[in-house]
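Undergrad: The chain contents come next:
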Amino acid sequence: AQKVTQAQTEISVVEKEDVTLDCVYETRDTTYYLFWYKQPPSGELVFLIRRNSFDEQNEISGRYSWNFQKSTSSFNFTITASQVVDSAVYFCALRGGANSKLTFGKGITLSVRP
Amino acid sequence: DTAVSQTPKYLVTQMGNDKSIKCEQNLGHDTMYWYKQDSKKFLKIMFSYNNKELIINETVPNRFSPKSPDKAHLNLHINSLELGDSAVYFCASSQVLGQGAGNEQFFGPGTRLTVL
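Protein chains in written order, with our numbering: chain A, 1 to 114; chain B, 115 to 230.
Just so you know, these hints were derived from the structure itself, not from any lab. Among the hints, erroneous ones may be present.
On the chain A side, residues computed to face chain B include the following (Cβ under 8 Å) [what the hints assert, rightly or not]:
| no. | residue |
| --- | --- |
| 1 | 35 |
| 2 | 41 |
| 3 | 107 |
| 4 | 112 |
It should be emphasised that the depicted structure is a prediction, and the values quoted were computed from it without experimental measurement. Every residue, glycine too, gets a C-beta built ideally from N, C-alpha and C.
Take these sequences, add in the hints, and give me the full structure.
TA: Now the structure itself:
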């Protein structure tokens, strides 16, 4: 069975602060895929990143960075110098092998105050 | 150009009615999905179709019936609507399941269903 745990439910920061969103996963699949999605107040779901289980290289994209650690089954997301536009619900998700479903965590509501 | 589109965006209806939500994707993907997001923002898959064939069917009441006329369309029909069906329903698509099990899913804008 697959499980994604986002222990933080709500985070509030002041603009320009750095913030890390935690994601811990469980799976028995040896090959799996991890994702982060953003859901802004407008409601759409925006794909941010995918990481394969066989690629532990961390990734940076502008102010966003992701730290994937198989040893701790974590795939954390850091926003550097947060901005008000980063305010959204962020979902971590996991997908196992072929024909398996995408399992979402419960989401973290991030509020960035000016 | 909208990649994954859904209609309608809002749907308000009475208990007991039957309604449909339409979804279309122009990404050339082979796999489409329906998700339900409840009031606590929890997202859960309902159905998945690959090339018009049902491949994932979660424990969804049989009042919900997906229909895929072609691989670019996946509609959701709901019979005898209940109060608990109120939620946001998202359609999504991705590249071929199996070979591309890790391919990201692209979501439509969602349909907010309110059952009174």
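Undergrad: Hint by hint, which ones does the structure fall short of?
TA: 2, 4
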